[in-house]
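Dock chain B against chain A, hints included.
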Amino acid sequence: MSNNGSFLNAENVCREFRLGESVVRAVDGVSLSVQAGEFIALLGSSGSGKSTLLNLLAGLDRPTSGAIRVAGQDIAALSSPELARYRRQTAAMVFQSFNLLPRMTLEENVELPLRLAEVDRKERGRRVDEALERVGLAPRKRHRPSELSGGEQQRGAIARALVNRPSILLADEPTGNLDSKNGENILQLLAEIQKSLGMTIVLVTHERPLAERFAQRFVFLSDGKLTGEGAA
Amino acid sequence: MTARDLTELAVRNLREAILRNSLTTLGIAVGVASLVAMLSLGVGLQALASQRLTRSGLFDAVFVTSPRAFGGSGGGGPASHSNLVKNAKPLDEDARQQLAKIANVVEVYPQMRFSAQVKFEGEETGTSVIGLPESSRNTGAFDGINGSFFTAPQAQEVILQKDFAKELSSTADAPLGKELTLRYAERSASPSSGSGASILDAMAGALGGGISVVPREKVFRIVGVIESDPSAGIGSFGGGRVFVPLGTAESLHAAQPGDLQALMSGTPSKPTYLTLTVRARSPKDVQAIEDAIKKLGFLAFSLLDATKGLRIFFTVFDLLLGLFGSLALTVASLGIINTLVMAILERRREIGVLKALGATDGDVKSLFFAEAAAMGFLGGMAGVGGGWLIGRALTFGTTLYLKQRDLPSVQISSVPWWLALGAIAFAVLVSLVAGLYPAARAAKLNPVEALRYE
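If you read the sequences in order, they're chains A and B.
Be aware that the first sequence starts at 1, since it is given in the numbering used here, and climbs by one per residue.
Be aware that the second sequence starts at 1, since it is given in the numbering used here, and climbs by one per residue.
Looking at chain A on its own, in the form it has when it is part of the complex (with noise of 0.2 angstroms):
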């Protein structure tokens, strides 16, 4: 386990880019514990780093270096078979950009992490159900995604997201390609999640005044370091 009892713990984690002769370091040097049942926000402008940095907690890519801590394993230090199982089971994404698969109706989009994870056919259906219900989109389940709109597609991912059951959410942007409302909808969502679930939420946003209002702790992210921190 971590040595301060948290859930995530990123120690000195560096990620360096190639572009051509340059190395671009992208995180560099970044510590940050989060408890667990914590909602954080990582702010910063674009290239500040800070969707780098959700990548390598979500396990999609690897640090260059240093080590990441989630629930007593360094997923910085595990096989490729083992990463994917980490982010099938621990870790969940949301995308800025929905990323449902168009081809599948929304029902068939939550069920893919359980087919993934090879749970029971009897099992999934009740457990998309619950999915969709905690986000209030059962009775648009045989709906494909580009009938849905944004902030309802957007549910429907966050759904996804939550029916594997993992510790953590790690959502780059999810409000990035909506109008303020549905924006606000879905912080509000991801706050419930937290509350009724005891959900682990890191949250990367560059929308400052929104982040406030639902997190409760937020890193400063500038040129891939860290530059403050600020509690709600």
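Certain hints may be false.
Stated by the list, open to error - Computed cross-link-like contacts, SDA-like style, restricted to lysine to any residue with a CA-CA straight-line distance of at most 20 angstroms:
1. A:Lys-122 - B:Thr-2
2. B:Lys-365 - A:Ser-80
3. A:Lys-122 - B:Glu-8
4. B:Lys-444 - A:Arg-62
5. B:Lys-444 - A:Ser-79
6. A:Lys-225 - A:Ala-76
7. A:Lys-122 - B:Thr-7
8. B:Lys-444 - A:Tyr-86
9. B:Lys-365 - A:Leu-101
10. B:Lys-444 - A:Ala-77
11. A:Lys-225 - A:Leu-32
12. B:Lys-162 - B:Thr-181
It should be emphasised that the hints constitute simulated quantities derived from the structure, not laboratory data.
Chain B alone, transformed into the frame defined by chain A:
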């Protein structure tokens, strides 16, 4: 992912890009169809050839001669050494009994062939008469018989060759059921002064009293007219125009060309045979029978080596046909590679999403494999059907062509179950191989980059 989920997702993905995937599948189908059509032709022709050859009687027969026979005539090969010739057993009735006891021997019979004058409705023609053994009934020669085969091995009946029947009367079928008279030379043990002034009498005189020949006449009923010459396969190598049952022929004691030779080799009292034909139950028994006969001290030969050559020919023939067929399938597999690589470009984002949701590299790879295999399977099934149809069309066309020439129809193409299953399995295998590169590429896709891709 479970196999069921993989299949479901693969089929769904194939359905989404229905036109492109159908065209790719059609490509496989055409490839498999050409392969199946080619191979079915090979299989069909081989079956046809071996069936015809087996039924011709050439390949289940062993021809037996006595080394003495060759020695006596002075024309022996290197095998008939003088020592061997002197000690060799004669090919007589005892030998015939011995040969008949060898395992898997159906029938042992001598070549019965003699010259005769045929009297029919006042006309007289000279021809050669051949004795047909019972087992010749099953050769293909009697498929097109007009009339019937002999009622009994000793019956006083003849079958005429079609052209000869035409010579006898206006149409080939006219003599059927009527009677004809055979005038032939009987060999008798006691000397006799023949009444007829024929050269046979002169010959008998020249032989100096060992045997003599007497002219005889017998009436036979014409029971059948046949197209082809059945004697080609029974050890006498053709040329017959009038056929009688072998038993009948033997009971006639007609003078044969072999008699003179038998006489000169020193056993005039007992009848000996120039050659005996041993019929095996099936061509695969021929080798063992041939060896057994050689052990008995006779010379034996069969056309088994010729069938070996035939088998080699068909193996090479099938191989060539298969190669041509595979060519189309190779082109089709390039189509699969193209389709799947295109699909990766199109579905980059989807692959990224799958990975973000926890799909392993293996899951993504399996999904692309499953899609390739599904296209291979569907294409293979359609292709087998198509190949079968092409084969049927070829058979149909050939049958029409043969019918125009008044020949019996044949089955030139055949799709046995092993070819059908094999072709489908091959199509799936080829598709999987074609899917190797696209699947590996899709699996290696970096999810972060794939998700950034718009």
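These are the hints, each one checked on the structure:
1. A:Lys-122 - B:Thr-2: 14 angstroms, holds
2. B:Lys-365 - A:Ser-80: 14 angstroms, holds
3. A:Lys-122 - B:Glu-8: Roughly 16 angstroms separates the two Cα atoms, so the pair holds.
4. B:Lys-444 - A:Arg-62: 15 angstroms, holds
5. B:Lys-444 - A:Ser-79: Given that 20 angstroms is the threshold and the Cα spacing comes to 14 angstroms, the pair holds.
6. A:Lys-225 - A:Ala-76: 19 angstroms, holds
7. A:Lys-122 - B:Thr-7: 18 angstroms, holds
8. B:Lys-444 - A:Tyr-86: 18 angstroms, holds
9. B:Lys-365 - A:Leu-101: Holds, at roughly 18 angstroms.
10. B:Lys-444 - A:Ala-77: Cα-Cα ~19 angstroms, so holds.
11. A:Lys-225 - A:Leu-32: OK: A:Lys-225 and A:Leu-32 at ~11 angstroms, within 20 angstroms.
12. B:Lys-162 - B:Thr-181: Holds. B:Lys-162 to B:Thr-181 sits at ~18 angstroms (cutoff 20 angstroms).
Hint compliance for this structure: every hint is met.
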